[in-house]
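So the chains spell out like this:
There are 2 protein chains.
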Amino acid sequence: MNRKGILTVISGFSGVGKGTIVKKLLENYQEYALSISATTRAPREGEQEGREYFFKTKAEFETMIAKDAFVEYARFVENYYGTPKEYVEEKLSEGKDVILEIEIQVAMKIKEKYPDALTLFIVPPTPEVLKQRLIGRGTESEQVIASRLKRAAEEAKGMSQYDYLIVNDDLDTCVREVHAVIQSEHLKNSRNTEFRKKLEYGMSQFLKGDK
Amino acid sequence: MNRKGILTVISGFSGVGKGTIVKKLLENYQEYALSISATTRAPREGEQEGREYFFKTKAEFETMIAKDAFVEYARFVENYYGTPKEYVEEKLSEGKDVILEIEIQVAMKIKEKYPDALTLFIVPPTPEVLKQRLIGRGTESEQVIASRLKRAAEEAKGMSQYDYLIVNDDLDTCVREVHAVIQSEHLKNSRNTEFRKKLEYGMSQFLKGDK
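So the sequences go chain by chain: G and R.
Read in order, the letters of the first sequence are residues 317 to 527 in our numbering.
Read in order, the letters of the second sequence are residues 317 to 527 in our numbering.
Everything labelled a hint here was simulated from the structure, so no lab data went into it.
Do not take every clue at face value.
As the list claims (entries may be wrong) - Each computed DSSO-like pair below joins lysine-lysine, with the alpha-carbon atoms no more than 27 Å apart: (1) G:504 / R:372; (2) R:407 / R:473; (3) R:320 / G:513; (4) G:473 / G:513; (5) R:383 / G:504; (6) R:320 / R:425; (7) G:504 / R:339; (8) R:504 / G:473; (9) R:425 / R:412; (10) R:524 / G:504; (11) R:473 / G:514; (12) R:504 / R:425; (13) G:425 / R:513; (14) R:504 / G:466; (15) G:339 / G:412.
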C-alpha cells in the first residue's frame with residue numbers, strides 16, 4: 317500500500333483537553349505533523365515564528381488569500397488566522413498525517429473542500445465531567461466558566477457531523493484511540509484504490525495459468 | 317458509550333493466512349467471539365460438537381432454515397453449512413465482536429442482510445507472495461496450486477466490496493491492524509447515536525445557565 321498522509325481534523329469542547337491530546341499524539345508517534353497557522357496578530361512573549369504561528373503582515377496575509385494559499389482562513393476581531401496550504405500538502409505528500417486542531421465551524425468548511433479529511437471530535441464522558449474540569453482548574457471566574465459552558469453547548473450542535481467521537485476519560489487511552497482511528501483509516505479500501513487495482517490485475521494473471 | 321458487538325466478516329484469499337489471523341486475534345484479545353457454523357456433514361476425526369461445528373441432521377438443519385434461524389446458509393455438494401443466528405446475536409448483545417470467517421460470496425449476502433456488518437479482506441503484499449506461500453507449503457500438487465490460484469483470481473474480483481483491506485505481510489502487525497480497525501469502528505459517530513444524543517441533551521442544559 318502506498319501511504320499518502322491523511323488530513324485529520326481534531327475538534328472538541330473547550331476544556332476537554334484536546335490540546336494535551338494532540339501534544340501527546342505528536343510526542344508518542346512518528347506518523348504525525350501538526351499544521352501551524354498563520355496569523356496577523358503580534359507574537360506574544362515566548363512565541364516563536366514557525367512554532368506557534370507563522371507571523372504575517374496584513375498585506376502578506378491578503379496576498380496569500382488572493383493566491384488561494386490557505387486550506388481555510390478566518391478573521392477574528394482585527395486579525396486573520398489561516399492554515400497555509402503549502403505546509404499541509406508538503407507533509408501529506410511525505411506521508412505524514414497532518415493534524416488540524418480547529419473549531420467546529422472551520423472544520424466543516426474543511427470537510428467541504430477536502431471530502432477525504434478525517435474528522436474527530438473529542439468529548440467528555442458526561443457533560444458534568446466537562447463542567448467539573450472547568451471549575452477544577454480554579455483559574456477562571458464563575459462568569460468565564462458559564463460562558464465557556466454556553467459555548468460548549470453551542471458546539472455540541474455540530475458534533476453529529478464528525479466521523480468519530482472519542483471520549484477523553486483516561487488521557488492515555490484517548491490518545492491511543494485517536495492514533496488507532498487515524499491509522500486504521502489508512503487501511504480503508506477507498507483509500508487504497510491504486511494498490512487494489514494492481515493486486516486485482518496481478519491476480520487476474522493467474523487465470524491465464526501461464527505464470 | 318454503550319458497547320454493542322460488531323458483526324465482523326473476515327475474508328481473504330485461500331493461502332493468505334486468515335485462519336491463523338483469526339486464531340491469534342481470539343488468543344490475544346478479549347473482545348471477540350468466533351461464530352461457529354452448523355453443518356450436516358459428518359464430524360471428522362478430532363472435531364468436537366460446538367468447537368469446529370454444530371453437527372445437525374438434514375431434518376434439523378431444514379427446520380432451522382424454515383424458522384429463519386441462520387444469519388446465512390449455503391449448500392455445497394450434499395451438505396448444508398450455515399451460521400446460526402442465536403449464538404451470533406447472543407454474543408453481540410454481550411458486547412463481543414463476532415468474527416465470521418467466510419467466503420466472499422457469503423460475505424456479500426451478509427452485508428445485504430446486516431448493513432452494519434464490518435467487512436475486512438486480508439490480502440498478500442503482492443500476488444507473487446501468495447503464489448510462493450502456496451508453493452512453499454510443499455503439501456500441494458502443482459495442479460492443486462494452479463486451481464487455488466485460479467480461485468484466488470476469481471475472488472479478487474469481489475475485493476472492492478469490502479470496507480478494509482489488510483495486508484498480511486508480518487503476521488503480528490496484521491493481527492494488530494485487524495484489532496485496531498474493529499475497535500476503531502466502535503468509535504464511529506454513526507454507531508453511537510444514543511450516546512451522542514444524551515450528550516447533546518446534557519450540554520444543551522448549560523444554555524439554561526441554571527446547572
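What hints, given by number in increasing order, does this structure fail?
-> Of the numbered hints, 1, 2, 3, 4, 5, 10 do not hold.
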